[in-house]
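**Q** Sequence:
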Amino acid sequence: MNTLLDEEAKAQRAVQIGRLHAEIGNREEEMESLQNAWRDEERIEQLKEEIENLSSRGAFSLEF
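Count along the sequence shown from 1, add 978, and you get the number used in this note's numbering.
These aren't lab readings, by the way, just hints derived from the structure by calculation. Check each hint, because a few of them may be wrong.
Said to hold, decoys possible - Label pairs and their calculated CB-CB ranges: (1) Ser1033 x Glu1010: 48 to 54 Å; (2) Asn1014 x Asn980: 34 to 40 Å; (3) Glu1023 x Ala1000: 33 to 39 Å; (4) Glu1010 x Lys988: 28 to 34 Å; (5) Ala989 x Glu1020: 33 to 39 Å; (6) Ser1011 x Arg991: 49 to 55 Å.
Ideal Cβ positions, reconstructed from N, Cα and C, are used throughout, including at glycine.
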């Protein structure tokens, strides 16, 4: 009887571990997405600064 209970406990534990691995994978994907968005925001700010610099030198005029 103990062996059957031990095996069931191991199976439940394996399911829990599998769910945790899946959750970790989801969190890693979310983190990567947030990092990409942050880099995009930084790049947008850099491009705005470059455009403002070009505009201030009379290359062209743009407003944000």
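**Q** When the structure is checked against the list of hints, which entries are broken? Sort them ascending.
**A** Hints 1, 2, 5 and 6 are the ones this structure does not satisfy, whereas the remaining hints hold.
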